[in-house]
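Chemist: So you can see what is in the structure, the chains are spelled out below.
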Amino acid sequence: MTINELQALLQAKNQTPDVDAGREVACGYTCDLLSWVMAHGEPDMAWVTVQTHMNVVAVAVLADMACVVLPEGIEMEQEGLDKATAEGLAVLSSPLSAYEICGRMAAQGIPPRA
Amino acid sequence: MEGLIHQEYPVEKGDYTSAGQASADMKRRLRQLGVSANVMRRVAVASYEVELNLVIHSLGGKLVFDVDSEGVSLISKDRGPGIPDIELAMKEGYSTADDEARSLGFGAGMGLPNMKRNADGFRIESEVGVGTTIEMRFLLS
Ligand SMILES: Nc1ncnc2c1ncn2[C@@H]1O[C@H](COP(=O)(O)OP(=O)(O)OP(=O)(O)O)[C@@H](O)[C@H]1O
Ligand SMILES: [Mg+2]
Chain A
1 MTINELQALL
11 QAKNQTPDVD
21 AGREVACGYT
31 CDLLSWVMAH
41 GEPDMAWVTV
51 QTHMNVVAVA
61 VLADMACVVL
71 PEGIEMEQEG
81 LDKATAEGLA
91 VLSSPLSAYE
101 ICGRMAAQGI
111 PPRA
Chain B
115 MEGLIHQEYP
125 VEKGDYTSAG
135 QASADMKRRL
145 RQLGVSANVM
155 RRVAVASYEV
165 ELNLVIHSLG
175 GKLVFDVDSE
185 GVSLISKDRG
195 PGIPDIELAM
205 KEGYSTADDE
215 ARSLGFGAGM
225 GLPNMKRNAD
235 GFRIESEVGV
245 GTTIEMRFLL
255 S
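For the record, the sequence lines run as chains A and B.
Using my numbering, the letters of the first sequence correspond one by one to residues 1 to 114.
Using my numbering, the letters of the second sequence correspond one by one to residues 115 to 255.
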């Protein structure tokens with residue numbers, strides 16, 4: 001599934017319109033503890049988290065993730081979005097809860113790891 | 115063994131905004147050298163964890179990054195406060211991170227175990243009141 005398709009699936013707003021939304025999402029994960037994510041992050045992953053600060057972008061980029069998905073209508077601030085855009089990381093903001101986001105991704109066959 | 119890269123990065127206490135920049139730079143350099151994705155990923159995890167520990171727990175310090183034809187060396191040296199019980203600090207889940215760090219998603223107590231798991235060689239030395247030194251080695255093949 002591409003980031004574009006994921007955005008539609010999650011009724012999300014794409015906060016990084018300049019990032020290639022045709023990129024494939026290979027797997028999904030959710031956690032708000034960064035070291036945990038560091039240990040389990042994978043290339044082309046979609047990571048669901050309520051954290052929105054700059055270190056989220058740093059962790060996602062170091063793991064070569066495809067996108068960060070923010071639940072419950074949470075949005076990332078401009079500084080983080082600029083960094084994400086520069087690094088080619090997409091940021092989606094979805095009105096759904098983290099539980100529902102993961103449920104929808106799993107139902108579409110996005111696996112826990114690539 | 116010929117040194118391909120030698121780079122030092124100062125890391126300041128409490129500097130959450132630029133945290134991760136040293137790790138990102140190391141990763142960029144490894145990519146330019148054409149190092150394998152596996153090694154690049156393991157170095158990225160370990161360098162990020164060790165960099166963030168300097169920001170969160172130390173009084174400030176530096177990272178020394180060296181690449182030679184056989185591997186990558188990463189050394190973290192700080193000016194204190196030191197770790198009183200290294201065995202305890204190495205346990206998954208043990209953390210003394212403060213509320214600010216925890217509110218940002220740090221403090222799972224996974225950083226040191228993540229470093230050890232991802233490095234081919236890992237050594238930690240610490241003296242209370244003096245500082246902590248961590249040496250990691252990653253083999254290219
Ligand atoms: N450079 C350091 N100076 C002083 N104490 C340190 C240093 N690095 C680690 N520690 C101590 O070791 C503990 C465990 O470190 P570790 O990186 O495993 O977990 P953490 O940083 O607390 O949480 P996480 O890394 O999961 O965000 C820390 O909470 C801290 O007490
Ligand atoms: Mg840590």
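Certain hints may be false.
As the list claims (entries may be wrong) - Below, computed lysine to aspartate or glutamate pairings styled on EDC-like, alpha-carbon distance capped at 20 Å:
1) A:Lys83 with B:Asp139
2) B:Lys141 with A:Glu72
3) B:Lys191 with B:Glu241
Derived from the structure by calculation, the hints contain no laboratory data.
All figures in this text were calculated on a predicted structure; none of them were measured in a lab.
Chemist: Run the structure past the numbered hints and jot down the numbers of the failing ones, going up.
Modeler: The structure breaks only hint 2.
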